[in-house]
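Peer 1: Input sequences plus hints: build the corresponding full structure.
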Amino acid sequence: MQLLQTIFLRLITTAVTLFGVAVIVFVVIRIVPGNPIAMMLPPGATEADIARLSALYGLDKSIPEQFAIWSGGVLRGDFGTSITTRQPVLGLVLGRLPATLELAIMALVMAVLIGGVMALTGTRLRGTRSEGAIDVANGMALSIPDFLWGLVLILAFGVLLPVFHISGRITPSLQLPFSTNFYLFESLVRLRFDLWADIVSHMFLPALALAIPLSAVIGQLLKQSLKETMHLDYVTLSRTKGYGENHVILHEALPNAILPTLTLIGVQFTFLIGGTVIIERLFSYEGLGNLAIDAVINRDLPLIQGIVILFAAIFTVVNLVVDLLYATLNPRLRHA
Amino acid sequence: MKLNRRSLLKYSVAATALGMAGLPLRAQDIDELVIAYNVTLPSWDPTVGPSAVNPTIQGIYQSVFDQFILQMPDLKPAPGLVTEWGWNEDRSKIHLTVREGVAWHDGSPFTAEDVAWSLARAANPDTGNPINFVWSSLTNFQVEGNTVTADVKQFDPTIFKWMYFLTGYVLPKAYYEKVGAEGFEAAPIGTGPYMVEKFERNAYVRLKANEGYWGGAPEFKTVTIKFVPDAAARVAEVESGNSHVTLEMPYEEYDRLRAGQLTGIATPVSDIGMIFLNDIDVMLDPNVRKAAAHAIDKQLIIDRLLSGYGVKIDTLETPEYEAYDPSITVPYDVALATELLAASGYGPDNPVKFTIQTTKGFKPKDYEMIQAIVGMWRKVGIEAEIEVYEIAKHYELRAADQLAPAAFYNWGNSVGDPTTSTGFAMFGPSPHSVWDSPDLIEKIVPLWGEPDEAKRIAGWKEVDRYIAENAYVIPLLQYVQPVLSVPAVIVTPHASGALLPHLMKRAS
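Line order of the protein sequences matches chains U and B. Once you know that position 18 of the first sequence is 19 in our numbering, the rest is easy, because the numbers rise by one and skip nothing. Once you know that position 88 of the second sequence is 100 in our numbering, the rest is easy, because the numbers rise by one and skip nothing.
These are computed hints drawn from the structure, not numbers from a lab. Any given hint might turn out to be false.
[What the hints assert, rightly or not] Counterexamples of contact, computed for chain B against chain U with all Cβ distances above 10 Å:
(1) Thr123
(2) Thr151
(3) Pro363
[As the list claims (entries may be wrong)] Simulated restraints on C-beta separations:
(4) Ala314/U to Gly272/B: 43 to 49 Å
(5) Ser63/U to Ser449/B: 32 to 38 Å
(6) Thr122/U to Gly195/B: 54 to 60 Å
(7) Gln166/B to Pro178/U: 28 to 34 Å
[Said to hold, decoys possible] Derived lysine to aspartate or glutamate pairs resembling EDC-like cross-links, with alpha carbons at most 20 Å apart:
(8) Lys220/B to Asp118/B
(9) Lys165/B to Asp50/U
(10) Lys405/B to Asp61/U
(11) Lys455/B to Asp345/B
(12) Lys62/U to Asp138/B
(13) Lys405/B to Glu48/U
By construction, the Cβ of each residue, glycine as well, lies at the ideal position given by its N, Cα and C atoms.
Peer 2: Quick look at the structure:
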């Protein structure tokens, strides 16, 4: 009952947050310089032509009027029409979302695996030179931003040792039997491992570029938590029972030490989705981030609004899910 | 199929190996031409919305759609879907002869009705054609056999040039009316050398050769154009062999790769770099303007910043344009610049001050060029403060005539007519112009409707000379477009800057 009440309250705050984001984005993108009509003015256009184009795209009205029209449409599920692509915004944004989600999830899985292995190895080898080497590697991974990792990976595995694709999401010549835009997931469901491999080959480098800095954060925090947990009484007790060090770390220390990391992963996942913007551009990956950059360059106001609202919705939903997951996994909160 | 952890792992390794085997190899025998393009294609209708006036996208459009009149790589017009064109004696009517035996990509016959409908549609403001005011100078389209005639509402000597310029495309009347705008976006057809097979927005378009193309079947039967906006990623594309052709990379990278295993071609295109001067503040002083123009060593900028890839210009006309006049020059002369400034009471100890606006990274070395120019100006007594802005802000400020006293910009004019370079850039009432003085407006006005072509071109040359003498604008250079390809592909450059796959051939 308390959980349902919490969810209800969070949904209300989510709606208020999204409304606030919508208002801010709507006003800001209309105030900052860069009018989409000015960008498409042809040579020789007159004042009348400018007025005609402004009216055609609904930009001749005041900002409150435009907002009222737009928000009325949103309530009916109509986010407007993109100025550059002339497609419905909602369809465009939802069509791209799966690609970005798959990339972000793959990056998250890689980050958890790399960070987890680093943390566990570092804990197991604590006090040795190997731990120092792991700390140095962690520091390097953390200090270089994802887009720079992207360039390094393109050079290393795209040019010098060309084993992975460096642009796009799938080889254009392949025939796709997919009925959703979750290509990676659907290729597995359909047991089409040839397509799956091609998709992974395209996603691997951008996902790794996103994963490396995050893996360092995860590795650092998890190792720290593990080291602290290793000194607790119940861990010492399990040692005295004769369990080996690996068992103690994996089965005794890890379940407790992982909780702060889990919260961090949730928060970082939202940042990870934000980070896809630059990485998708670099790897010409047809996700939401790439669409967002084009929308900003072209001052495609309806599309920018749609993308920002969706990003905001993802962020709030992920935070909600993380909170609920944390409550479920943490016995102290579960029984509170 | 029984799937367990071990078998899944086995299949995954095998499938990954299979996927990697599918990577494009360095082209020896190219079945599918892959081009890494520098822009994305937002929408397929080449006559509507912002894409219609984006010059960099036109190469993709021209692969699928034909324009009314064909434009050759040297910018000259040639018979295309319209084979003959002209006015009647008193310029009150135009006539177009339409090519016969052409088919749309769906196999239906192309007719003169399509031409008349496309022209009428372009003139209709409700379609969202940003250039409808050009096309609306024609009305009352009549079709008789393979001839289209129209009444001239307002004489425009450049109307036939627009037929191979922005939005000058022929679209399929019957098909468009049947499927509507949405259906056309989903499955566009044209009469061009390639047919759209697959399109993923922001990712790629896959094209199949139109074997019955009236201009001859293209050599490469399948072409994939990948949209790779990042220059470093484009370079990696060709370097890794993932793509066979790419364009617009830093000149240093172009030189490096050209010296290796790739073939390079760098030719001047119809884009120029220039500094708009606004008729405000200190720019109202002719000595300041002229000094600013004479103090710039354009060749040095080209040599040092652009690795020599650029052509110095002193008017808004490039050598390929019809009104180009090599006798109009604005020489680099530091002594003259110093003298002019001194006459107005300025010098290195008492510099004239103003702001210059520029983009950073929009065009090759744009910001660096302005930095160099500001350095050159400082030596003669001009202290310019650089303000960096986005190109969108430039458009907005220019349309509102609120640019700083000096503003860097690039201007494209792929038809090479003086109206679409000097004309729109310098004619006060145009929203594109920055210098609005009445003397210049007076000189330009009679040229808009001048029916005598020789007189018209001569008139524009005179205007260009007048502008140069008064330093109403500072033209800097004509850009050179670098294109890299694997040796197996021969690229024919187009002076408009359009990279056209149907002009690419296999090396023998």
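Peer 1: Give a verdict on every hint.
Peer 2: Here is what the structure says about each hint:
1. Thr123: Label holds. Min Cβ-Cβ 27 Å, cutoff 10 Å.
2. Thr151: holds (18 Å)
3. Pro363: holds (29 Å)
4. Ala314/U to Gly272/B: 43 to 49 Å: Given about 48 Å between the Cβ atoms, the range holds.
5. Ser63/U to Ser449/B: 32 to 38 Å: holds (35 Å)
6. Thr122/U to Gly195/B: 54 to 60 Å: holds (57 Å)
7. Gln166/B to Pro178/U: 28 to 34 Å: Violated - the Cβ-Cβ distance for glutamine 166/B and proline 178/U, about 55 Å, lies outside 28 to 34 Å.
8. Lys220/B to Asp118/B: holds (13 Å)
9. Lys165/B to Asp50/U: Since the Cα atoms of lysine 165/B and aspartate 50/U sit roughly 18 Å apart, the hinted pair holds (cutoff 20 Å).
10. Lys405/B to Asp61/U: The hint holds at about 19 Å.
11. Lys455/B to Asp345/B: violated (28 Å)
12. Lys62/U to Asp138/B: holds (18 Å)
13. Lys405/B to Glu48/U: holds (18 Å)
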